[in-house]
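A.B. asks: Listed below, chain by chain, are the residues.
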Amino acid sequence: MKSNRKVGIVGWGVYVPKWRIRSEELARGWGREWKRYAAGIMVEEKSVPGLDEDTFTIAYEASLNALRRARIDPSKLRAVYVGTESKPYAVKTTATILAEALGAGGPKRLTTGADYEFACKAGTEAVQSVIGLVGSGMIDYGLAVGADTAQGAPGDALEYTASAGGAAYILGPAENSIAVIEASLSYVTDTPDFWRRQHEHYPAHTRAFTGEPAYFKHIMSAARELMSLMGTGPNDYDYAIFHQPNGKFPLRVGTRLGFTPDKIKPGLITPYIGNTYSGSALVGLAAVLDQAKPGQRILLVSFGSGAGSDAFHIEVRDGIEAVQDLAPKTMDYVSRKEYIDYAIYARFRRMIKMLHDFSGY
Amino acid sequence: MTYIIGTGILKVGDHWEKSLRNLAAEASILAIEDAGGVSVDYVIVANSLSGVVNGQENLGSYVVSRLNLKGVPALKVEAANASGAAAAIVANSLIKSGDAKRVLVIGVEKMTDYTSLEDSNAALSTLMDSEYEAFHGATLDSLHALLMREYLRKYQVKREDFSYFPILMHENAVDTPHAQYRFKIDLDAYISSPLVAEPISMMDVPSPSDGAAAIVLSEKNEGPNGSVKISSFGQATDRISLYDRKSLLEMPSIRMAFNRAVSKLNNFKPDFYIIGEYSSVMGYIATEELGLAERGKAYKLFMDGEAKRSGPTPINPEGGSKARGDPIGATGVYQLAEAYLQLTGRAQGWQVNGARRALVLSIGGVGCNSVVHLVEGV
Amino acid sequence: MWAYWLSVPAHWRELPARYRLEGGLCRSCGHTMLPKGEVCPICGSKDIVTKQLPRRGKVISYSVIWNAPRGYEYYTPYIVALIELEDGTRLMSQLTDVETSQVTEGMEVEMVLRKVRVSGESGIIAYAYKFRPLLKK
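Read top to bottom, the protein sequences are chains A, B and C.
Note that UniProt numbering has the first sequence beginning at 1, numbered continuously upward.
Note that UniProt numbering has the second sequence beginning at 1, numbered continuously upward.
Note that UniProt numbering has the third sequence beginning at 1, numbered continuously upward.
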């Protein structure tokens, strides 16, 4: 998909909570030895949201960082889309809270926006929509956020990786941007590899079925299709960023597509903070933008269960180096950490209840 | 001139079998009897938390309904912990204006119907700024904690220097029949007490309690068991929120109330002081605002024994908020009742010998509504 | 009772202050305040306009709450502090993302938005300002 008016990234920002729990501590909570699982998952520790944090608070700080780099007044934002699978409210759009907190749309509040759900690719879906709005000329600047405080079922394999964090992207006219989104496309099928029914606290998943028929098929299809459209191959890109549910899959899918590990690793953040779900690929992209140089090319392919992939061809422009330091970088948040044990983790994640608890969740 | 001519006091503590109405009635009946079975023209109810804790407002009618006082005008006066003192001011005005000959002032509070500390804390949070202090999770104890931390930093006193205050309070309360806690405490007990809102510990602040104290005010010096005159009073406010204060260590409302009270008289030298302190640090700050000690040095009065009942500057001979107890809206009436009993020589066991004059300071909120009464025996 | 159920209108009308630190500026004497008032407490002027207050400040005093009020139980212990912003405005707020032992009087802090009060399982979430030590100097 290509837009009539070229669209680019004007500003980006991330937020990751400071709390961490090591994978071996999670294993210990269930009487397991982490070393038996380590190689298969390749995640050392994951981020845990504090008691007073949620998807909105994460989206807010990521968006503030994006605004710092974009250097535009928040009143210029005419669209706010938040992609998440851990909405603070099942019904009440996080995007409105975010718009109010940022002052988007100015005093007249003329913004469009809503929350998106598409498992881990809700954030890149938000990006697709904003590309459309900016690319059609309907608006000049829009904000797309992917953020989650993912629900890892206690004792389940996903408990090691379901973490918290998010990334925000302000898109605008390409001539005002630091990286142009030359093209994008989405590949979507009905593949129920992972889901959460409405009143359930935790998602269900299908273990091996989430691999080949889901993650690999959709990422590879979308990536190949986009490269065919653009007439490019793996050698034409400096970075390949994929959805990163663990530390292994992105390297495996990247290799199968023909990318070398040195192009995949800069955008692979999950080993340090876990899988931020709707933030996953977008946090990886932010880590790359934090260090990218003008002229470099990025392939970004997300994956959301259910299932689908969004692929983006991004070219970095002059001007990126002037804004990289205007806000905390991804690695600043990654390296800001404090460890907790399983007991505190259970309390932070509200797995244990007080008797009379009026400070609800 | 207005006189206190009789009183009825109930023990401060847990009155499980008594409701707000029972407490109010009992103390009122005792006070009226003590005053000679007289008739009253007005009833003023001092209370702060009846709405939030007991789901009961309209206290004027509520209390009058329990007494044989048909058609007698009544109202509730609220000024946080200074409600009792404020009620006395209103009563005083009614008498001085001639609109009433006698007024019953009944202070009553029933906090223990909230059995959880969380609920008591929420109730007490109504005394601060609800939207910009309480909303952020502050408790009344935590506001006093901010004062204590600043006091420690500025005056470089030791944390243990706050112990002298509650230790003396408890010592005094042993002899006070109506006190909530009638046992001594020592430095160990103080240091090891659980933290409530760091650095404030349980020994620095009162526990929730029930209480009822009533006094009868009259235009005549006619108390069959003694009378005490209200020679003067002064009241002053400060801004409710701590973030609006110039200093956390000065309470100008106390100083202003004091000056307003003494300026109406020539040379009033109190023989003792009853200060409604709520916390140990406020006890020290109030002592300093009343000019009894230099800033940062109030602890010496309590450490050296000057503030003892038998000392040169007796402070809280009945045990203060900490040990006698602080049933918020009722406390101000307790204080005046205690001054009355002292000055009529009826405080057996807890008497300040030869006392003729007293200064009663009631402090509403964290020093934002202060009342000083100057009372004298006749 | 209000301690169990957070009033929606009461929170909603404070959103400009709680989300964006919008306070008041007295145009007669320059005094800044949160919340914006009708009358300047310093000079008595009624010429008060909205002012976007600065996001940075320092800790004046603080307390760690061990006995929480109803509605804040799960968060205990937490820290409340008196904060002075860069323009002199003072306010009360929680501190977050910091250990008690790391807090000092005079410590520089910056505003973040966090959950302050959640009204049970079915009521609204009240987000508002909190302050944390500076992420980056």
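It is possible that some hints are incorrect.
As the list claims (entries may be wrong) - With a straight-line cut-off of 25 Å between C-alpha atoms, the simulated DSS-like cross-links for lysine-lysine are:
1. 51(C) x 18(A)
2. 337(A) x 36(C)
3. 337(A) x 6(A)
4. 246(B) x 136(C)
5. 18(A) x 36(C)
6. 36(C) x 246(B)
7. 329(A) x 51(C)
8. 92(A) x 108(A)
The hints are simulated quantities; they were obtained by calculation from the structure and are not laboratory data.
Being a predicted model, the structure only gives us computed values, none of them experimental.
A.B. asks: Go through the numbered hints given earlier and state which of them the structure violates, listing their numbers in rising order.
C.D. replies: 1, 2, 3, 4, 5 and 7
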